[in-house]
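A.B. asks: Spelled out, the chains give:
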Amino acid sequence: MARPLGIPEGAGLHNPLHAIVRWREDFQRMLSARVLESRLGFRVTWYLGALTLGCFAIQVTTGLLLMLYYHPSIPQGYADMKDLEFVVSSGYMLRSLHRWSAHAMVFLVFMHMAKVFYRRGYKTPRELNWIIGVFLLLATLLLSYTGYLLPWDQLSYWGTTVGANIISSIPVVGANLRFYLLGGHTVNANALLRFYVLHTMMFPLLVIVLIAVHLWRLHEDGGMYDLDKNGNPIVPEHSALAAAGAPIRLEEEKTLSYRELLFREVIGIEALTVVLFVMGLLWKAPLEELANPLHTPNPARAPWYFTGLQELLHYFPPFVAGIILPALIVSGLFFIPFSPFFDNVTTYDANQWFRRKPIRMLIAAAFILVLGVLLVRVHAWDALLPAFVVAILLLLSTEPPSQPARGLRSWLSSRPLSFWIMTLFLMEAVVLTAVGTLFRGPSWAWVWPWRG
Amino acid sequence: MSLGNQFGRVARFFVGTAPRRFASVSVLLAVVSSIAPTKDLFSEWRHYQRRYVRMIRNRPDAARLERRFESGIHQIWIPEQHVVDRCSTCHVALQEASLADLRKEPFRPHPPMPHSLTEFGCVVCHHGQGAATTVQEAHYSTKAWEQPILPSRYTESSCGQCHMDVLEGTPRLNQGRRLLARYGCAHCHAITQPDGTLVAPVDEPPSLEHVAEKTTREWIFAWVKNPQAYAASSTMPNYRFSDQEAADIASFLVAQSTASENSRKELKRAAPPPGDDAAQAGTSLYGTLFCSSCHAIQNAAGNLVGGDLAPELTRVGSKVNPDWLRRWLQAPQGYDPKTRMPRYRYDEKQVALLSTFLLSKKDDDFLANVHLPDSDTASIARGKKLVADYGCTACHRVNGVNPPESFAPDLSRIGSKPLFQVGFIRGMPETLPDYIAGKIHDPRAFGPALKMPTFSLTDVQVESLTTALLAQTDRAVTMPPELVRTTSHAKYHPGGDAGRLMEDLRCQSCHSINGNGGDMAPDLSFEGSAVQRKWLVDFMNNPNTLRPALIRRMPKFNLSEAEIKSLSDYMLSAYQASGFDSQALEASALNADAAARGKQLFYTKYACQSCHIADYKKDKGYVGPALTDVGDQLTPVWIYKLLKNPNALNPGTVMPNPNLTDGEARDLTAFLITLKAHPKGGTK
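Chains A and B, in that order, are what the protein sequence lines are. Position 233 (the first sequence) corresponds to 605 in the numbering used here; numbering is contiguous. Position 26 (the second sequence) corresponds to 1425 in the numbering used here; numbering is contiguous.
One or more hints might be untrue.
[To be verified] Label-pair distances were calculated between CB atoms; the ranges are:
| hint | chain 1 | residue 1 | chain 2 | residue 2 | range |
| --- | --- | --- | --- | --- | --- |
| 1 | B | Glu1518 | A | Val569 | 35 to 45 Å |
| 2 | A | Val545 | B | Arg1884 | 48 to 58 Å |
| 3 | B | Phe1819 | A | Phe551 | 25 to 35 Å |
| 4 | A | Trp655 | B | Glu1518 | 38 to 48 Å |
| 5 | B | Ala1410 | A | Met483 | 55 to 65 Å |
| 6 | B | Ala1410 | A | Leu741 | 46 to 56 Å |
| 7 | A | Met483 | B | Phe1819 | 37 to 47 Å |
| 8 | B | Phe1406 | A | Val802 | 47 to 57 Å |
| 9 | A | Glu499 | B | Lys1438 | 45 to 55 Å |
| 10 | B | Ser1442 | A | Val393 | 44 to 54 Å |
| 11 | B | Gly1471 | A | Val569 | 26 to 36 Å |
| 12 | B | Val1565 | A | Trp655 | 47 to 57 Å |
Derived from the structure by calculation, the hints contain no laboratory data. Ideal Cβ positions, reconstructed from N, Cα and C, are used throughout, including at glycine.
With the hints as constraints, model all of the structure from the sequences given.
C.D. replies: Here is the structure:
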């Protein structure tokens, strides 16, 4: 390892001032991969990871403050919500910030994942970081879900109940899992205490550890650009230089991400915080009546990030919608990055999956047919829509890639299979979540939101 | 320079470079994050408290009010009742009696009340969301709070959550509870009250097992169609039966009727004296027997005259079979063993006169248009089904149809019924009081298939019933027993020969004994301590009234000497209050001197004559009972103790406590026992 910068040769390490200098430099090294200036731009990552981290920081801050007022007991927990709303100075803002930034965090985690996936940021050497990212996604969902119960109002009680029922549809272990999670057969005081401990202790610790590893890998894996077969970064600016035969001095062009990137990301996080504050001023975090186990609201809706699943549950038996499909999604997220079959391209402009047009046509047709039959059979109309959109796009992409790549069709035709799977997943997620959250009324019947 | 350029320059100034962007966003964040704490300074409750402080500056007792005012959120916390009331944060002057002239909220002081504000809080009585500190959230229904403030016309219902005793301050609640019992709501609905007892109906739906002896199919038809057309004061509700349904029911009721015990007896009949004399004699007999203590008859002016304990008799001649009536007057229990009507010892002549009078009370128009087709088995079967379906047997006894079980919803917790369980009519205000009132007023409006009938109630009665039902809250049911204020409900029935006689006479239809019985006549629980034997015997022989202004009075039972002896022996020994031995009062203290001092006190210091009459020639007091022969009637000890504390011996009396010294009470007693009936009966 190189000697720390800025410390004179032969200086005693016992000098406390030097120790301070060294700490600062250790800190710099910890956060700073040296990266090319052009890789620090907003368009590269949209700073989604940093914004997610910012959300988490807001969650920890507001969460700690909320813990000063909250008792995980019934009905005191609910009474504490009332105190926050009516007595604690800015208490409603604390709750609102916590609630809206939780939503923002879930949303940003999804966005971050999609952005990284589309950029194929999971490629070597970042496979481990991708896996950690998937765990962070799951941990974020669990954090959000466990926190949902704590206000102990109708919304949280029934949202949690719906979620717990999804868990119990796992074969063999489902009922036990639900029992251990809730500490009983129904959502009750035990469940509240368990969710409180999970929400304020277990999952935050887990997330902190995962974030630390995530950031450490980010640092170790270097800047955010693709690597060629030899492990060298592919920098579009340099291909022109290389073509002209000019020398490329990569290290010299690199700059400290600590100075540049962190500063920009802090600005982004601040801007996000401003937005969350404004949201808190405009919309209070929802609070309904005290949880009443005898009064099931119609519909009982899960938190929004699970309404997509709930919508699927409406169409498919619980085992399929609650277990098989989520398991497929999660295992897909784990598996796809490491399977050349899904991802057998090395550059953006070389499409190597099924070069032969008739086979691609056949795959597209079979895909449409199977999905169509399946979804029509179960009347899953809103799940059908994204599938058909993706299928039509697939058909459009049957044009063989032309050189140079131009136009939508040739761009589409150069996408790898993983692109199509991710796009389908995201479109389904967006459509099903939107329908489940906005378009479903009593008995889960279709309702136009403006008629609600 | 163009506007676009200007804007560009301004934008560049703020976000031109990274440090500037950082500075701008940081300043923005600082501003935005300080909005919420700043808004807190302008919250509603602070606004009201500032207004209050400005207002009290102009009051005469400003210094005192300012000293007593504390700014900030005020809170009453009662953990056992889950009460956190912050109402006094805005209603700061609840305990400032000197602001009683204020008419506008939120600064009106609370009217005087028997409870301490800090002990009971606000929402226990007024509902609403006590924890809230904004007007909207505290007073109205929101997504987070269902129960709004209870409209003030129903506030008395809150007293009924603990109080089962009859309070002076809750006329609505008291009336509502009386109506609940009187209109027989509890025949169908179980209503468990805060003290754990069920509401007991006090109406007396007659047995229909022998109804064909009493009346005709036509009358039953007309009655079932509209009971109030026959007797405006009837508590029988209107089921809105169609002609066909009413005819079917009438057919069935006549068909199921069996012979009563009375019908098997030979009817001893005395010929009534002929002509106007008989009518005259009957009318006056009805008066002197004091039938109107319980029964009412509409007079020429259309007003009901008489009591409401028993059926109205305005058109009874159009209803009853004459022979049935005569047998009934002789032995009501031979027709209906459970009737409240006492068995009077009428002689045959009296029966003849009374029945003549009653049969003359008829309305020929009432059944003029009723022409029913002959009854057939199909109609009878349909009638039986209707009687079973509509739960007629919840009130009436009918042969072959058992009383329905859990026929109507339990109303024990209706006052806490969650609104999601309530089916409102479109367009009605969606609150619980409105729902209950609407349901009582016109049950069928909530669905034509509902069975609950329409009762003939005034708006005020509906409001009172709603008040009584709103008292049936969860809080009331779960109230710790030591908090429930109640009167004893122990079932008391006198025993032995005298007990059987009292049962036969239905004494408890009117009198309460040991907390059990009617409230029309004086409570007899301590009668043995109160009265003198001679007076009691005389009274039972010939009940005269103590309060001439009242219509109701004790009827004459025509008791035999032996019966009277049995009754008085029993009452004088059994109905004794504790501590009433004559030792409490030295006889020697009740001498003529004391009586003279007592007379002085009676007429001068305490002016008792403004309510009581000691001497018919001088006094005009009609509020309390006449005392002209109180010396014959009451025991000295009773008089003495009553004077010392009227309410203790006679709960609910309007007589104020005169706060006499022992000496004064002795002197007054000495005076009062000198008030005796003139030996020749001259003062009567």
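A.B. asks: With reference to the structure, classify each hint as holding or not holding.
C.D. replies: Hint by hint, here is what the structure shows:
1. B:Glu1518 / A:Val569: 35 to 45 Å: For Glu1518 of chain B and Val569 of chain A the Cβ distance comes to about 38 Å; the hint holds.
2. A:Val545 / B:Arg1884: 48 to 58 Å: Hint holds: Cβ distance 56 Å, inside 48 to 58 Å.
3. B:Phe1819 / A:Phe551: 25 to 35 Å: holds (29 Å)
4. A:Trp655 / B:Glu1518: 38 to 48 Å: Given range 38 to 48 Å: holds, Cβ gap about 40 Å.
5. B:Ala1410 / A:Met483: 55 to 65 Å: violated (27 Å)
6. B:Ala1410 / A:Leu741: 46 to 56 Å: holds (55 Å)
7. A:Met483 / B:Phe1819: 37 to 47 Å: holds (38 Å)
8. B:Phe1406 / A:Val802: 47 to 57 Å: Given a distance of about 36 Å, which is not inside 47 to 57 Å, the answer is violated.
9. A:Glu499 / B:Lys1438: 45 to 55 Å: With Cβ atoms ~49 Å apart, the hint holds.
10. B:Ser1442 / A:Val393: 44 to 54 Å: Given about 51 Å between the Cβ atoms, the range holds.
11. B:Gly1471 / A:Val569: 26 to 36 Å: holds (35 Å)
12. B:Val1565 / A:Trp655: 47 to 57 Å: holds (52 Å)
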